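*Asks:* Spelled out from the first residue to the last, the chains are:
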Amino acid sequence: MNNTSTSERKKNIEIAELRQDTTEKQTNALETRIKYFQDQQSNHIPGKLLDLASEMIIGIATIGTALEKIIPEKIQKKIIELYQKLLLAF
Amino acid sequence: MFHVKTDPKFQEKYYKTTQSVCPECLTTIDAQIFEDDGKVFIRKTCEKHGQYQDILSSNADYYRWTHWRGDTWGWEKIGDVNPPDMECKNERGCPWNCGLCSEHLSTCTLVIIEITNRCNLSCNFCYANVEKTGKLIEPSLEEIERIMDHFRKKPIPATSIMFSGGEPSLRSDLLDIVKMAKDKGFKEILLATNGYAFQRPKSAEYARKCRENGLDTLYLSFDGVHDETWKITRGIPLKAYKERVIENCRKGGLDSIVLVTTIAKTVNDVEIGNIIQYAIDNIDLIRGIVFQPISLCGRVSHEEVNSLRITNADVIKVIEKQTNGSLKVERDWYPLSTIVEFGRAIAWLGDQEPIEFTCHPDCGFATYLVLDPDENKMNSVLEYMDPMAVIDYANRFWQKLKDKKSSRFFSKLADASWTGFAKMLDNGLGWLDKQQLKARFALGLLPFIRKPGKLMKIFTKMILTGNWDNVSSFAYGSLLIGSMHFQDAYNFDIQRAKRCIVHFGIAMPDKTISEIPFCVMNIFRREEIEQQIAVPYLKSQEVTEIE
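These protein sequence lines are chains A and B, in that order.
Heads up: the first sequence begins at 3 in our numbering, then just goes up one per residue.
Heads up: the second sequence begins at 167 in our numbering, then just goes up one per residue.
Extracted from the complex, chain A is given alone in its bound form (with noise of 0.2 Å):
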């Protein structure tokens, strides 16, 4: 590769902002993808019961994050550990 300074590049070179926002264009990909998941899945009854299945732990979560902003650390950290040990026990 070939040398140059770099604040002669940078006259050259406008260094884009990030928009981080999606055109329509990506946004019906991700839809489009997301449907043929689904469709495929929902043909069958392992299918359904996986959609059931994310769809509680979601629900459990969305709760659990919910009650963070009721439940003390301390007490948060000591009902965490516990349901860990409670998983791991097998």
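Read the hints as simulated data drawn from the structure, not as lab findings.
As the structure is a prediction and not an experimental result, all values here were calculated from the model.
We treat Cβ as the ideally placed atom computed from N, Cα and C, and that holds for glycine.
Treat the hints loosely; a few may be bogus.
[Claimed, not checked] Derived list of chain B stretches under chain A, where covered just means 3 residues or more per stretch with a C-beta under 8 Å from a C-beta of chain A:
#1 502–511
#2 609–615
#3 619–631
[Claimed, not checked] So, partial list: chain B residues that the calculated Cβ filter (under 10 Å) puts toward chain A:
#4 G351
#5 E354
#6 G648
We have chain A already, so just place chain B on it with the hints.
*Replies:* Same frame as chain A, now just chain B:
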């Protein structure tokens, strides 16, 4: 990120001894890795050629963090290994005569086969170009098949394969090669290309055929979004060329492209933010960006090294700056080895072959930008979960899971007359057991989800099934950003070479297959091996047309 800042061990200045090589004569010599003025360096002295010092990281805090080890785990992982292919017989020791021997500490995750050294471009830094060497290296289909078998028939088979070059899309039998890889059971098939066969008129059809034959991802070299950059890096403007590749892949339904950017200081580091933005603008196709700080192989002077050298730590710092803080050094970047146990647990639960990233923490860092379907915005995945807690839970879960034996309850009771039926019942028990373990794993991550929503629902599905389709659906609309620094003779650390997970496969004239770690091949073995396998290059073999 630096969750261990209060740990006294984290406060200590980094110091380690290792082995490296003299950049001049490549003799193995002792080296020290040490911290000075907030940076980390490697220093070594050759009896004949004197002392060399090179920078390993411009951020000592980050470096110390990625080498931290707690009571139960750390970033340096112990990899599972395959039986050695050979014993190291060379008196110069590792890495000479590497092929692999019992000193290697990780298994191969990504196989690289250079299927040709012909190329339509002639970049001045390229070491593989046939025009410069006058020698053609192009393994036959039979040789390529033997290489694939070598990696697939090992006790821990490699899961991914990449065809590179030269320009691999110059081969007229590429579609057959890709199909062969799929038939051999490789899960992920990549093509490291400048895009030659995908940028021509009617290439959309070619892209579609590649997809149908099993090609998963185009690993597309991409130095910047401005022609000024291309002229410096490759000698010609290639902006329109790359855009044609992207458009033809879009039309042909080849919807997984990873941009690969070799980064050199003052050459194209100013383009990093632009490249990320370009990927976001094409998120329906572009799945990732791999920045590769330049590796200075070949005969390069110390002055050139100093002027071009950029480290992984520099890259992630530049990314934070050029993305206006969307990706933060202290929050978002983790060594590739972070997800080893997480990946193993998911693979075990989903009955998949695990992908083992048990490479050295210096090899690379990665993060994810995800498209949130609730907000229609790209966010860092670290906004959605507490990573350290997730990793810690996954590690503890894997420690319990790895020793778990499948149920033989009915088989033990059975006499000869109903062993088959008993086995079937045991399989049923095993299936039930696996389902409850999947639920335990997913439920255990619950307390660490920060932002529940559609995205986390896809993530949960991925954990509950562990199958490739759900991993793909999570990866879709996500942008994996990595920085991988390959070694050269100046910064070579033998510990990294021993943990390499990217291995070249080469069919040797004596019908054996040489399996050689990526950096070892480029620094030590390429010249000698190519002398053995090359044939004289005839001009008539220049750029064959593709059907």
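*Asks:* For each hint, tell me whether it holds in the structure or not.
*Replies:* Verification of the hints:
no.	hint	in the structure
1	502–511	violated (count 0)
2	609–615	holds (count 5)
3	619–631	holds (count 9)
4	G351	violated (22 Å)
5	E354	violated (18 Å)
6	G648	violated (17 Å)
Checked against the numbered hints listed earlier, the structure breaks hints 1, 4, 5 and 6; every other hint is satisfied.
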